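A.B. asks: Chains as they are written, first to last, in the working numbering: chain R, 1 to 197; chain Y, 1 to 457; chain W, 1 to 177.
In short, the hints are calculated from the structure, not lab data. Nothing here was measured: the structure is a model prediction, and the numbers come from that model. Some clues are possibly wrong.
Pairs of lysine-lysine, DSSO-like flavour, derived with a Cα cap of 27 angstroms [what the hints assert, rightly or not]: (1) R:Lys20 - R:Lys148; (2) Y:Lys356 - Y:Lys412; (3) Y:Lys384 - W:Lys159; (4) Y:Lys356 - Y:Lys384; (5) Y:Lys412 - Y:Lys377; (6) Y:Lys412 - W:Lys159.
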Amino acid sequence: MGLEDLNHNFLTGALEDLVKWGRYRSVWPNTFGLACCAIEMMGTGAANFDLARFGMEVFRASPRQADLMIVAGRVSQKMAPVLRQVYDQMMEPKWVISMGVCASSGGMFNNYAIVQGVDQVVPVDVYAPGCPPGPETLIHAILTLHEKIRTGEITRRRHQTGAGAGIELGDTGRSARVALASTGGRAGDDTPEKQRA
Amino acid sequence: MTPTELSDQSPPQPSAASWVGAAETSEGRQELVEREETDPLELLRERGAVLRLPEGFVVDPGDVDIESPEDETMIINLGPQHPSTHGVLRVMVELDGETVLRTKPVIGYLHTGMEKTGEDLMYVQGGTNVTRMDYLSPFFNECVFSMAVEQLLGIEIPERATWIRMLMLELNRISSHVLFLATNGLDMGATSMMIYGWRERELLLAFFERVTGLRMNHNYVRPGGVAADLPDGWRDDVADIIEVLPGRLDEFDSLFTNQPIWRQRSEGIGVITREQAVALAATGPILRSTGVPWDLRADMPYLAYDQVEFDVITGTVGDVFDRYAVRLNEIRESIRIVHQILERMPNGDYRTQDSKVTPPPRGRIDESMEALIHHFKLFTEGFKVPAGEVYVAIESPRGELGCYLVSDGGAKPYRLHIRGPSFANLQCLPVMMRGGLIADGIAVISSLDPVLGDVDR
Amino acid sequence: MTDAGPTDGEAPAPEPEPEPERHAGALVTRSRGQEVLHPTLDTYLDTITALWDEGFDMCVDVTAADYLERPPRDLPPDIAPERFELVANLLAMDPPRRVRVRLQVPEAAPVVPSIWERYPGVEAYEREVYDMFGIRFEGHPDLTRILMPEDWEGHPLRKDYPIGRVPVQFKAAPPTR
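So here's chain R without its partners, still in its complex pose:
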């Protein structure tokens, strides 16, 4: 959780930036590779398209230790409850990148077996298109996410929509205490910016 009940002044303003810096410089992904996109995700973590330069080479298997869930691949009906359970086990703050078209929208498999977009199940922060997205696309998605964390855009919008994680950054007028949504929550909310976590 963040810094509670803090009246920001010139000291704590910088502290908030420090916290955000720490958060986006060491996002640890969870191993949620499902299908072909997982191969490209592993390729991104390997030597040619190094993820270690972003502090992300540690793919944590345990969701309790991970910050970011990169849903890489097609999510079938049988897998959707597992996906939700793993997402729920992750600790706040957490983010989701939907990698590939199958995760973003069902992709080329518009049929009975595939969930048409993981945002039916978990709230997504960044969508990366491609079939599979090359490592450059995935890194672009990751850097977009980093930027959003760095500028605090995500936490700001959480305040606006009133849902999502209970990150409390004190009252600067920009962000305020938000209630922790239940797990049934707002996955599937119909705001144009799908920014919540």
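Given the structure of chain R, go ahead and fit chains Y and W onto it with the hints provided.
C.D. replies: Chains Y and W only, in chain R's frame:
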């Protein structure tokens, strides 16, 4: 159902061969035969290796009696989300301490309904669907689908198309086996192998991108030939790759084979006998590691494999080490085949000139009305395939990859079924894991090299 | 359906019909050069056993097809077409050869004897056929769904099962999700 009830069903024996004695049954005292003397097929048919429980089986922790650990077994769940990078495989394991007794691989977490989708796509689009089944060897899926369609159509493809297909297939076999080495190393602790393996894969994927436009899931091999000709300078690219590879392979060989920890973790682990492998319909490196020299490229040649020379690599024991060694040497054999292809690639068309199947070259569309109409018809309606059914099989890096195609005379398949090799290979898992430790179970799964896209389709 | 006898209206004495080709007790057709056997439900297990004795030690594939839409099929004259067809592919390694077995399965009673006793490797394949088509196998040790969740209703690969396509909006409408 509590674990004690389960253990009443069939008394599992932790160490396979050493327990000999008598059992008190309801029909009196019966002598037990030593495990080794039992017919291997009989052993398979015993419900001793496969755990047959419903998938939602859950034990209430309140029911477990922690005071009597002696003859109780524990059922744990491995997956579907776990760090072993083989996709979403779930294994329900019955353990006695650390020893694995029975297992049940639970699949279906990646079921994509591809066979149903395939009935909805035209034949030229079918490649995009099947290529994502075994996503580590996409060319193979496309090739077997195209070969099935061509057999139904009754057309021959030009020689250059055949040799281009062979080139891409063998390079894909190399990239798939390199990925096996990488993930095998990662699963058994050699993390640096993961990084090395991907370095080699990037060379190959860059070449694939030059030729097909995509790094993975190419839709390059289509019914009638291939989608486009090889680009200029491809010989230099391929020559560079296969010049660098053998030295790197020797590095990987020494990284694994000269490492005592890895040797201990793999030798004698996950043994399967040839009778068991044949009975379970295991093909590919698993069957060859038991000593059966069965390789579809050599025994039932397709494309132009009867015109190139290569050896069929077999193992002896059928353990994890043998499967690794078979795949490593298969890379070397593939390099040998690629050398021969480089020398002997013929000139000619890269796809059949039959205008009912192949779209005309783009330039001709401006000149000829007929070409324009053909192009329009082929891409909106698709070409029609005469009614019939056919089964075609090729040797993919994982085993026999087959395509059973039924056509009703229309532009879309009536029934498309892909025989995925990993689906059958996964049935060897209970037999291989039985009697071993749970840590060895990870090595076994990794040596099977399952690709869940192939299993679940 | 093909006509087995020769048709000639000119000759005075019609030739006797040639004995239809049989292999392992089942009628034979050829499909693009591949040998296909057509046993009946009663003779299915005998055919499989006979093929096993001949040396077909691997059953590489068991699948099915739903012929609800009645496309043209190549069947020998004495075999009545049914809605489902069970297809088993067998492989012999020495000498290398393949054979395919196609069994007609009626819709009213889709029950087939399992060949698991002979070929343990078909366990997963028969489960898949049960899951996707609803054909039951007698003698199978664990006939449960394998690809779909265990409580799924319906058999997806049947022709009357919809593909489940979700309609996609392409206009610039506000997204509903």
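A.B. asks: Hints first: check each against the structure and report whether it holds.
C.D. replies: Here is how each hint holds up against the structure:
Straight-line distance between C-alpha atoms of Lys20 (chain R) and Lys148 (chain R) comes to about 10 angstroms, which keeps the hinted pair within the 27 angstroms bound. Distance hint between Lys356 (chain Y) and Lys412 (chain Y) is fulfilled; the C-alpha atoms sit about 15 angstroms from each other, no more than 27 angstroms. About 20 angstroms separates the Cα atoms of Lys384 (chain Y) and Lys159 (chain W), which keeps this hinted pair within 27 angstroms; it holds. Restraint check for Lys356 (chain Y) and Lys384 (chain Y): satisfied, since their Cα atoms lie roughly 9 angstroms apart, inside the 27 angstroms limit.
For the given pair, Lys412 (chain Y) sits about 14 angstroms from Lys377 (chain Y) by alpha-carbon distance, which is consistent with the 27 angstroms threshold. Simply put, Lys412 (chain Y) and Lys159 (chain W) have alpha-carbon atoms about 14 angstroms apart, close enough for the 27 angstroms limit, and the pair holds.
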